[in-house]
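Enquirer: Letter by letter, the chains look like this.
There are 2 protein chains.
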Amino acid sequence: MVAENKKHRVVIIGGGFGGLHAVKQFAGNKSVEITLIDKRNFHLFQPLLYQVATGGLSSANIASPIRSVVKKQKNVRVLMEHVKDIDLASRRVRLDFEDIEYDSLIVATGTKSSYFGHNEWERFAPSLKTIEDAIEMRRRILLAFEMAEIEKDPEKIRQWLTFVVVGGGPTGVELAGAIAEISRSTLRKDFRNIHPQDANIILIEGSDRILGAYEAILSQKAEEQLAGLGVKIVKKTFVTDISDRFVKIKSPDGKEEAISCRTVLWAAGIESCSLGKKLSDQIGAQTDRMGRVFTNSDCSLPQHPEVFVIGDLGHFKGRDGKPLPGVAQVAIQQGRYVSKLIQRRLKNGNMPPFAYRDLGSMATIGRSRAVAQIGFVKLWGYLAWAAWLFIHLIGLVQYSNRVLVLAQWTWNYWSFSRTARLITYPCCTNTQLQEELEKKRCDGDNAKFQ
Amino acid sequence: MVAENKKHRVVIIGGGFGGLHAVKQFAGNKSVEITLIDKRNFHLFQPLLYQVATGGLSSANIASPIRSVVKKQKNVRVLMEHVKDIDLASRRVRLDFEDIEYDSLIVATGTKSSYFGHNEWERFAPSLKTIEDAIEMRRRILLAFEMAEIEKDPEKIRQWLTFVVVGGGPTGVELAGAIAEISRSTLRKDFRNIHPQDANIILIEGSDRILGAYEAILSQKAEEQLAGLGVKIVKKTFVTDISDRFVKIKSPDGKEEAISCRTVLWAAGIESCSLGKKLSDQIGAQTDRMGRVFTNSDCSLPQHPEVFVIGDLGHFKGRDGKPLPGVAQVAIQQGRYVSKLIQRRLKNGNMPPFAYRDLGSMATIGRSRAVAQIGFVKLWGYLAWAAWLFIHLIGLVQYSNRVLVLAQWTWNYWSFSRTARLITYPCCTNTQLQEELEKKRCDGDNAKFQ
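Read top to bottom, the protein sequences are chains Z and C.
For the record, in the first sequence the residue sitting at position 107 is 128 according to our numbering, with numbers rising by one throughout.
For the record, in the second sequence the residue sitting at position 234 is 255 according to our numbering, with numbers rising by one throughout.
Some clues are possibly wrong.
Note that identical chains are pooled: a pair holds if it fits in a single copy or bridges any two copies.
[As the list claims (entries may be wrong)] Only pairs whose alpha carbons sit at most 20 Å apart, straight line, appear in this in silico SDA-like list of lysine to any residue:
| id | residue 1 | residue 2 |
| --- | --- | --- |
| 1 | K105 | E172 |
| 2 | K93 | Y136 |
| 3 | K92 | L164 |
| 4 | K28 | K253 |
| 5 | K105 | T308 |
Just so you know, the hints here were simulated from the structure itself, not pulled from any lab data.
Produce the complete structure using the sequences and hints provided.
Expert: This is the structure:
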């Protein structure tokens, strides 16, 4: 009798877009028992993280406590823990404090920033993955203007007012556009010795156009809009070195050059979280170049139909043979799909292979400036920006009531201001935090977080 | 001819309530040239800092960029710098990067937390002065519930769910009340293994009543309201030791006891910033027990009519012979007063001695719970809370448009939620930050903040 009542144990690792949408799809199902594990206590609305990095929104505006999001779903328990490993053979997830058994496992831990083997660049050029990253970027950007104001030497002032963004994908474009707006509008009247609008903002891209995943016409429109904000775009150029005083670049003709600057932001590369490799190793498979796990057409792991890898961590071949892009929509749709599949299987059913429905993509460049492609429709300028705003607000509202973000944006828009312009955590760079974290973790006992 | 055009140089140290109101009082005066120096780039609305510490508001909600606040005042320049010393003889303020001469100087650097000679307690019991402090407190409070949820041992769970607040002044009362609300309402349905409402919240006070600066009836009402929220108040009791596992206390009968707990918050003492002692030393005077500078009846420094010490840093004797309290209103009124005085003097006029007008004081305990005394009127419960809300919103709006705070509060009130419940900066305690900061500062060059 007991066996009949036994619930199907689903473990979901990661409370990002993929994990949360998988959880929600299980709502009301009393035959499953879900454990959602995340090392952070909040879901981060990553597409708006650059707004925190540039003082437009507060971190709490784009982060929803995971427990709040799923609190009404009685079949879910949430654990704020770190996953050390997954044991596919014994169907266990190893955490710092316990092991958890699963019947079905959904792994959705996403990606982290990659410095292409140059991790020593990280302290000079922070990237944008976490709330702490965003606050560190914000600190550096705002501090640069403060330091320029204090400085007397014109050459040093120029260094402080030179901002280099590495990587011309959506994040790089958004950052460069936002810094341009800060210097051209927000801070315009704030200083007495310097003219913030003189700031040099340089966007460095390796290929021959920015927003390479978009149609060529939109790359061109994005470049025009950025140029209109005074951003200098340097294409077909690679970074060869970074320090706290310069970025060295190499153009296609082999010419090397050092850009003298104090603020460098990294938006160039991502790679999978370490769980990707751990999973692939256990099934004797390789990951792809970015560390992503190759999955079956139902998002499951080869040889392990009970394990699913979704979102950025998975390499899922799209219809064109290329992997699906690392965007929120892929994770969301896969999360819903595998959740449905697991529930069908419990009733001895099945599902057709996962098919990604491309709802379009968009990148914002600044106030009333953006590019968007939705199906065959391509938009730029004000219309694209309005579409972007609308879609992101809808997205935010899904997780918790975010009318306040709308209020904040309305205010920012009409007042040309950015009210979250705080320089906090004076010296706490990403790297230092990381070192601290590692050190603490080794202390054992429950001292992990204290 | 040049001498005639020379402007009167006013230097103001500190962008808190005192400094900012002094600056504003100079608005439109073309015969002065003001330099406002603060080591932070924002004004902090300190009375609401506990709301950040308890997840009710974001840091950006209560912090206004100083440059924004004074941007329209053309006679002001702002420097984000650290003041190393003041040389009264040569009338110079020594900064990290330069020296600045003044004709009139206003020192308004306020206070910092004091551990009564037990600085080793700081890492176990953070205090509440800065945004970083508030975020650290928030991290510890929220993390305690997460750790309790993971823990299996009932004794350890009880430790994690025991919160000790040291000090029964307004900050201690507000923190204890807020933690009680978090556990009783906000998190009530968030966990599966623990019952957050079982949390023990203990408020420790040395004297025989909490809110000692208020009338006795209000202390009693505050105690009743806290008790109604389930806070245990321990009076006439001193802390003798703190670790990461316990707080040792000593009651008046000499009995020592250890409270087993993982979260301790310090709201017990403050002392002046180091500039207080540096100033007093130069005039051959003593500071008071809290390190505050004794001032003349016009807020000026003895022997130095051109130097004013206002707000928490000054010891100004009130009519009853006792020093004025360390509240925002004293700083605001003194800031306005010395600004007027300096301007009168420029026209060879003078002002009567500074007289503090007590507008009342209030402390909030929770949702619809507060105490207030305004002249002869004493309020508690809902009415006091409404008054508190109104006055603090007016206060916030003064500095920048803070309608969003109202929106946030309205939302929190109706939904019983606290949306800024983020656990951030995993291991970055106050102390570690401080050490980092000191280390960096010694590195010299412009590396100070980088």
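Enquirer: Could you run down the list of hints and mark each one as holding or not?
Expert: Verification of the hints:
| no. | hint | result |
| --- | --- | --- |
| 1 | K105 to E172 | between (47 Å within a copy, 18 Å between copies) |
| 2 | K93 to Y136 | neither (40 Å within a copy, 43 Å between copies) |
| 3 | K92 to L164 | between (40 Å within a copy, 17 Å between copies) |
| 4 | K28 to K253 | neither (58 Å within a copy, 41 Å between copies) |
| 5 | K105 to T308 | within (19 Å within a copy, 55 Å between copies) |
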